[in-house]
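Asker: Here the protein sequences come in this chain order: A and B.
Counting along the first sequence from 1, when you hit position 94 you're at 94 in our numbering, and nothing is skipped either side.
Count along the second sequence from 1, add 1000, and you get the number used in our numbering.
Please note that the accuracy of each hint is not assured.
Stated by the list, open to error - A short, non-exhaustive set of chain A residues, derived as facing chain B with CB atoms under 7 angstroms:
{"hint": "1", "residue": "N48"}
{"hint": "2", "residue": "R76"}
{"hint": "3", "residue": "S77"}
{"hint": "4", "residue": "S85"}
{"hint": "5", "residue": "H91"}
{"hint": "6", "residue": "R104"}
{"hint": "7", "residue": "V105"}
Stated by the list, open to error - 30 angstroms max Cα-Cα, derived DSSO-like pairs, lysine-lysine:
{"hint": "8", "chain 1": "A", "residue 1": "K110", "chain 2": "B", "residue 2": "K1123"}
{"hint": "9", "chain 1": "B", "residue 1": "K1225", "chain 2": "A", "residue 2": "K110"}
{"hint": "10", "chain 1": "B", "residue 1": "K1138", "chain 2": "A", "residue 2": "K54"}
{"hint": "11", "chain 1": "A", "residue 1": "K26", "chain 2": "A", "residue 2": "K180"}
{"hint": "12", "chain 1": "B", "residue 1": "K1123", "chain 2": "A", "residue 2": "K54"}
{"hint": "13", "chain 1": "A", "residue 1": "K110", "chain 2": "B", "residue 2": "K1138"}
{"hint": "14", "chain 1": "A", "residue 1": "K26", "chain 2": "A", "residue 2": "K184"}
{"hint": "15", "chain 1": "A", "residue 1": "K25", "chain 2": "A", "residue 2": "K233"}
{"hint": "16", "chain 1": "A", "residue 1": "K180", "chain 2": "B", "residue 2": "K1123"}
For the record, the hints were derived by calculation from the structure and aren't laboratory data.
Yeah, the Cβ is synthetic: ideal placement off N, Cα and C, and Gly gets one too.
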Amino acid sequence: MIQFSMVNKWYGEYQALTDVTAEVKKGEVVVICGPSGSGKSTLIRTVNRLEEIKSGAIHVNGQDIHAPGLRTNDFRSGIGFVFQSFNLFPHLSVTENVCLAPVRVSGRSKREAREQAVALLDRVGLAHKANSYPQQLSGGQQQRVAIARALAMNPPVMLFDEPTSALDPEMVGEVLSVMKSLAKDGMTMVCVTHEMGFAREVSDRVWFMDRGVILEENAPEAFFTAPQHARSKAFLSDLRAH
Amino acid sequence: MLDIIQDNWLLLLVGQYPKGPLGGLALTLILSVMGLVLSFPISIGIALCRTSPIRFLYASSTVLVYIVRGVPLVMFVFWGYFLVPVLVGHSVTAFTTLICTLIVYESAYLSEVVRAGIQALPKGQVEASRALGMGYWKTMLWVIMPQALYDMVPSIISQFVSIIKETSIGYVISVQELTFSANQVNNNLLTRPFPVFLILAITYFLVCFVLTQCAQHLERTITRKRTPKITQLRSIANDSVLDGQ
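Just chain A, with the same shape it has in the complex:
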């Protein structure tokens, strides 16, 4: 579904990603973890070209996303992206947030988009907030709306960039349970997250990144019980030390 081959990314003199080669299969849930500044967010942001890469190739659904002539907007709408800071549109109601892209990008009718929005909001448990505005919602609710908004384009892949890091602890659960139900429905997902419980329970594979390199790819159980790489060991024992 997503193939990274020899991806390199630089911020000026600083190399953020080094020769990243990896694959996410269809229907797979991959959790990317690692210390902050290790390039996790940068890596998933390259998938819909929110970050441009210096060299290498990324294929999504068999399509080279850097192919000349490919229209960025066309493939972006096929990749759902959920941000750490939600980034809902504050001037639009919850329903309008969900309907915007289907109407303006896919050209669907407003009625059709609205019906779909109702169904999606129901799926994330927020049907009763359809007419509210983002600033009237809690962080957890906003993030669930953001997931519904991303789902509205029916993307085959969903990317989550630290979706619970900006939330108060008591709101983390509601967002994770929406993500779990997505995973259960067979959605291909890549999640950058510090939620190790989620990684252990839901993911098919864990990628451990440090300093722009994927150091270890492992099944979650193996990763948490018997990490291969010295630095993943250190990372995990640091987590447990708290």
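Starting from the known structure of chain A, fit chain B onto it as the hints suggest.
Answerer: Here is chain B on its own, set in the frame of chain A:
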């Protein structure tokens, strides 16, 4: 002073109208509204260039804005008044000259207001929109501009106040706006310039003061509406690492 108002209020309000051309405060307001409305779309265009990643658009719009902001308005009035007729080959009315001048001048100033409005929005708004597959124009039209323009309303009203005062420069090319009318009154009375120009000042002040108050009221309303519930947004929440373990 009251007797001056009593005798001349109509002249100050509408000039010679209906026997002659419209003037006075009415013309001042018409000039100001036209100046604002006509320069607004141009200012959006300039602001888009000023925020553009395309070097040529950015550079040329920046040069334009800096030149206009670095030259006094009355220079533009003179250039328009003396140069434009030479260029187009026939005479141009003072009214048209002043409107065109105001458009050029205000487009540059307003574009800075619009640019500030665009750049004040969080970067995440553009990213969220682009990630949904919306291109540059759709993002501008449906996500950025509605928010930016709404936030800008108080600044635009302040700019409108500036335009009202700027129209008084029309006096030097005999546009019959408020200042011109007051000067006519002064010429009729000959001996009482002080009360006449005090009336003029008070009139400008009242109009501008009311508008400034409106702007402040709107600004408070907008700030109240836009303030997010910060308590729910934690900047970094590494504590949540252990949740679920």
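Asker: With a cut-off of 7 angstroms on the beta carbons, see whether S85(A) makes it to chain B.
Answerer: holds, 5 angstroms
Asker: How about V105(A): closest beta carbon in chain B under 7 angstroms, or not?
Answerer: holds, 5 angstroms
Asker: Quick one, are K26(A) and K180(A) close enough, alpha carbons at most 30 angstroms?
Answerer: holds, 16 angstroms
Asker: Given the hinted pair K110(A) and K1123(B), is their Cα-Cα distance within 30 angstroms?
Answerer: holds, 27 angstroms
Asker: What's the verdict on K1225(B) and K110(A), does the C-alpha distance respect the 30 angstroms limit or exceed it?
Answerer: holds, 27 angstroms
Asker: Let me know if the C-beta of R76(A) comes in closer than 7 angstroms to any C-beta of chain B, holds or violated.
Answerer: holds, 4 angstroms
Asker: Taken at face value, is the distance from the CA of K54(A) to the CA of K1123(B) at most 30 angstroms?
Answerer: Holds: K1123(B) and K54(A) sit about 23 angstroms apart, inside 30 angstroms.
Asker: Taken at face value, is the distance from the CA of K1138(B) to the CA of K110(A) at most 30 angstroms?
Answerer: holds, 16 angstroms
Asker: CA of K25(A) to CA of K233(A), is that 30 angstroms or under?
Answerer: holds, 26 angstroms
Asker: The hint names N48(A) as touching chain B; please verify it with the least Cβ-Cβ distance against 7 angstroms.
Answerer: At about 6 angstroms, which falls below the 7 angstroms cut-off, the nearest Cβ of chain B leaves the hint on N48(A) intact, so it holds.
Asker: Grab the minimum C-beta distance from H91(A) to chain B and call the hint holds if it beats 7 angstroms, violated otherwise.
Answerer: At 5 angstroms from the nearest chain B Cβ, H91(A) passes the 7 angstroms test, so the hint holds.
Asker: Does K54(A) lie within 30 angstroms of K1138(B) when you go C-alpha to C-alpha?
Answerer: The given pair, whose Cα atoms are some 28 angstroms apart, holds under the 30 angstroms limit.
Violated hints for the displayed structure: none, as all numbered hints are satisfied.
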